[in-house]
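Visitor: Following the hints, position chain B against chain A.
Which chain is which? The protein sequence lines are A and B, in order. Numbered per the working numbering, the first sequence spans residues 1 to 449. Numbered per the working numbering, the second sequence spans residues 1 to 449.
Worth double-checking, as some hints may not be accurate.
Any copy, or any two copies together, can satisfy a pair, since identical chains are not distinguished.
Said to hold, decoys possible - Quick list of in silico lysine to any residue cross-link-like pairs, SDA-like style, CA-CA up to 25 Å: (1) Lys200 to Leu115; (2) Lys104 to Trp387; (3) Lys369 to Ser119; (4) Lys200 to Thr424; (5) Lys123 to Arg152; (6) Lys369 to Arg118; (7) Lys369 to Ala136; (8) Lys104 to Ala131; (9) Lys123 to Arg155; (10) Lys123 to Arg153; (11) Lys369 to Gly332; (12) Lys200 to Pro77; (13) Lys123 to Ala150; (14) Lys123 to Thr76; (15) Lys104 to Arg152; (16) Lys369 to Leu406; (17) Lys123 to Val243; (18) Lys200 to Ser326.
Read the hints as simulated data drawn from the structure, not as lab findings.
Protein chains: 2
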Amino acid sequence: MTDILVIGAGFAGLACANALQQAGHSVRVLEARDRVGGRVRAASLSGGMVDVGGQWIGAGHDGLRALADAAGVSVTPQYSQGSRLLHLRDDGDRVRRYDGLIPKVSPLALLELQLALRSLARKQRHVDLLAPWRAARADRWDSETVASWARRRFRSREARQVFDIAVRAVLTSEPSALSFLYFLFYCASNDSLETLGSTKGGAQAQVVVGGMTQLAQHLADALPGGVNLGEPARAVRQDANGVEVMTDYSHYRADRVVIAVPPSLQGGIEFTPELPVPRQRLAAQMPMGSVIKAVVAYERPFWRDAGLSGEAVSHTLAFNTVFDASWPVERGGALVGFFDGQSALDYADAAPAVRRQAVLDSLATYFGKAAREPLDYVDYNGLADPWARGGYTGVMGPGIMTTLGLALRAPVGRVHWAGTETATRWCGYIEGALLSGERAAAEVMTAVR
Amino acid sequence: MTDILVIGAGFAGLACANALQQAGHSVRVLEARDRVGGRVRAASLSGGMVDVGGQWIGAGHDGLRALADAAGVSVTPQYSQGSRLLHLRDDGDRVRRYDGLIPKVSPLALLELQLALRSLARKQRHVDLLAPWRAARADRWDSETVASWARRRFRSREARQVFDIAVRAVLTSEPSALSFLYFLFYCASNDSLETLGSTKGGAQAQVVVGGMTQLAQHLADALPGGVNLGEPARAVRQDANGVEVMTDYSHYRADRVVIAVPPSLQGGIEFTPELPVPRQRLAAQMPMGSVIKAVVAYERPFWRDAGLSGEAVSHTLAFNTVFDASWPVERGGALVGFFDGQSALDYADAAPAVRRQAVLDSLATYFGKAAREPLDYVDYNGLADPWARGGYTGVMGPGIMTTLGLALRAPVGRVHWAGTETATRWCGYIEGALLSGERAAAEVMTAVR
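Excised from the complex, chain A in its bound form (with noise of 0.2 Å):
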C-alpha cells in the first residue's frame, strides 16, 4: 500500500512523483517500457548517443532548464549560424537560401504570411489557456480546419505552403485534420507559431550535451522507490476506500493514482467503474501526431563550410524539417531531422534501409551529394512503437475541445491527470510534461490533504 501511484515514467509521471515524494508521500511508478523517458529517448550513433524523442529545451522552458542544472548536465545552444533553406512544391532540385527569418519567397508571399501571423497573434489573445473552448468565437474556429482557414487567407501558393510546413513542423499533423481552435490554443500554449518553429529565442533554443534521457534518469534517481519497469498498468478499480492497479504481475493499493500517459494510450487501461464518456472519448479523438525522427553522422559538419546552419525545410522532400546536430566539432557532424505528418505515414511501414535513402535523398537535394556519404544512421519511428503511437504530442481534430475539452484536465474521482496534452502552458513539450506533472500533484496533495 502506497499513497499514491502513477502510471507513466515520462517528464510528467517522474515530475509528478518527484513532488508527492518531496511532500512526504509515499509513491510508486508504473512503467510500461524497460526504461524512463517517455517520448525522450536516446539511440546510438557513431559510438555516441543522440536524441531520437524529445530533444530541445526551448526559451522559457525554465522548469526543464532548472533540472538540467540540478542534474549537472551542460546545455547548448542549438546551432543556427549561417543562411537557411527553404523549398517549395516546384522548385524540383533548387533550394532556396536566405539569411535571418524572412523565407526568401515572393512581396505578396511574405505580406501575407506577416498579416497571417498578425491574424494568429490577435486571435490568440482571445484563448484563455485553461479554457479554451471559452473563447467567444470557439464554435466557430473549433468547425473549421487550420487548412480551411488558411485557404481563405492566403492567395500565394508560396505563402500557403510556408505555413504548411510550420503547422506540420510543430504539430507533426497535416493541417487539414486539426481544428483552428486547437491550433490557436497551442500557439498561444507556446507564445506564437514564431517562437514554436524558430531555434534562437524559440522552442528549440538549446539542446543537452550527452541527451536529453539524462534528465529523465536523474528524476528517477530521486525516487527512493525507484520506478516498476516493463510493467504497463491494465486495469485501475476505485471505490470509496481507494484505487487499485492491475498489471500482468501484481496488484497495487493506494489512496490516488495519476495517469501521466497520452490520451490515445489510456484506452488501453481497463476502468472500474467506467470512466465518464467525455473522457473516454478523448482516447478515441485525440490522436497522436506522425512522426518519424532520424540523425545522420557524417565525418565533418559539411554545410556549415557554404556558409548554412544545417536549418532546411520542404513542402514535398519526405525529410521535411532538419536541423544540425554535430557533436563538439573535432568528433564530427551530424544532421537531425524528421518526417512529419503525412510524410510520416507514408513511410512508416517502410524498411529502415528504405527510410535511410529517403532522409539521404532529401540531405543531398537540401546540402549537395557530400549528404550521400554518412557515417552512421539511426531512426525513430514512433508510430509503430505500442507505446507511443506516434508523437510528439496527441492533437485534436475540430469539434472536439469545444465538447470534450473540459474533461483533459478533469479528475474523475480518485483518478488524476497529468501529460504534456493537459498541461495549459508549453503543451506538447517536455517543460509542459513537467508542469503537468507538478500541477497534478498539487492536486492530489489538495485531495488527501
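Guide: Leaving out everything else, chain B in the frame of chain A:
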C-alpha cells in the same frame, strides 16, 4: 482448426460466416457479447420486445429485405401518416407543424436548403464510392468540415438549423467534427441526404414486426458451428502457415480471419506482426458517432388523434429525433427517438431517471402533456457499452479519408475486414454490414482457392 475465423457476430460477421459456410468452408465465429446482432439489439418494453439498436429496413436495402423474407418475419411500413413537427432554436415551447416534405421555414430558408441539397447532389456524383479520395477536389473537401461548408452556404439561420438537424440525425455527430468529403461519400453511399432522412422511400422505410434481432438470430441459426458468445478476441497472430486467434479461454487456428468489428474497437486486439500503421491509425482516428436511443410506451398513440405522424425533430431539445414506434394499435402506442451528437454526450453519464425525464420533457414539447404519462420507458446508451462505444457507425473527421481511406478494406496478409464502415454501398446501415460481410467472404474465397 477451421478454415476461417470470423471476429464479431453482428450482421457483417454473420453474413460473412454464412457465405463462407455455404461455399463449403468450415467457419467459427467469435463474439465478445453474450448475444449476436452487434449494433442491433432488443429490449423489453411493456411486455413486448422493441429495437433499441438498428431498426429500419431502408428503401433499396434489398439484402436485408430478402433476409426478413427468408426468416419468415413480417415487415411493415414505418408509420408516417399525418403532420410532422419541427422545433428550432428560438421556438421555445412552440413547435412548427407541417405536412409533406417541406419544413415550415421562411422562403429564403427553403430556397437555401434546396440549393444546398442540389449542390450536395452535384458534388457527390464526383465521389467514387470505392475510392472517395480520388475525387478531383478530394483534398479540398477533406480539409474542411461539414460545419465550415454550411457556414459559407447558408445565410438563413433557419436553413442552417434544419441542415444541422439532418446531419446530426443521420451521422449522430456534430457537423463540426465531420469531414465534408466523408459526408459526401456517406450521402452518395445512401443515395442522398434526403433519402437518409426520409421514412417513405428512405432509410427509415420499414420496420420488422417483432424486432430486427430475429434476423440476426436467423443468420446465426444457419451456422452449424454456432457462435462462441462471450469470447472476445484478444490477439491475432499470423504467419506463412495461417492465423491464430487468442481469447481468454482458448487459441484457435485457421487459414484466414475476418475482423467484423468497427475500427474504433479494433484497437483492443493485439496483432502480431503489427498491422500497417495506416490500418492502426484508423482505430485511433475513426470514432463512433454519439447516440442514445429510447423507446416510450403509451396506452394509445394519442398523437395520431391530433393528426400527427409522430415524426419530430429539434435543433435544441435533448431528444432531438422522434418517430412513431407503435405496435399494432390494439396493443397501444410507442414513440422511438434519439439523443444525437452532442446531446448524447451530454446525457451519456446521466442517471437513467434523468435521461427519462429529458425524453419526457422533449416529448411533451412536441406532443403535449399527454406525453408525460408513459406506461413504460427503455433506453440504450451505446456510449457506455464497452463493445459499442457509441453508434451508429464509425465516422471520419477531416484529413482521414484522403490519408487513411485506402487502409479501410485492404487485407493485411491473412486478415480481412468487414463491418458497415467498410461498405461502399449503404455504408453505416445494416444493409451495408451485410454487403461488407459478403464482400469479405468473396475476398477470402478468392484468396484460399
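Visitor: Against each hint, give a clear statement of whether it holds in the structure.
Guide: Verification of the supplied hints:
no., hint, result
1, Lys200 to Leu115, "within (23 Å within a copy, 52 Å between copies)"
2, Lys104 to Trp387, "neither (40 Å within a copy, 54 Å between copies)"
3, Lys369 to Ser119, "neither (41 Å within a copy, 51 Å between copies)"
4, Lys200 to Thr424, "within (23 Å within a copy, 51 Å between copies)"
5, Lys123 to Arg152, "both (16 Å within a copy, 20 Å between copies)"
6, Lys369 to Arg118, "neither (39 Å within a copy, 55 Å between copies)"
7, Lys369 to Ala136, "neither (53 Å within a copy, 37 Å between copies)"
8, Lys104 to Ala131, "neither (38 Å within a copy, 38 Å between copies)"
9, Lys123 to Arg155, "both (20 Å within a copy, 24 Å between copies)"
10, Lys123 to Arg153, "both (14 Å within a copy, 24 Å between copies)"
11, Lys369 to Gly332, "within (17 Å within a copy, 82 Å between copies)"
12, Lys200 to Pro77, "within (8 Å within a copy, 70 Å between copies)"
13, Lys123 to Ala150, "both (14 Å within a copy, 22 Å between copies)"
14, Lys123 to Thr76, "neither (34 Å within a copy, 55 Å between copies)"
15, Lys104 to Arg152, "within (23 Å within a copy, 34 Å between copies)"
16, Lys369 to Leu406, "neither (51 Å within a copy, 36 Å between copies)"
17, Lys123 to Val243, "neither (42 Å within a copy, 53 Å between copies)"
18, Lys200 to Ser326, "within (17 Å within a copy, 70 Å between copies)"
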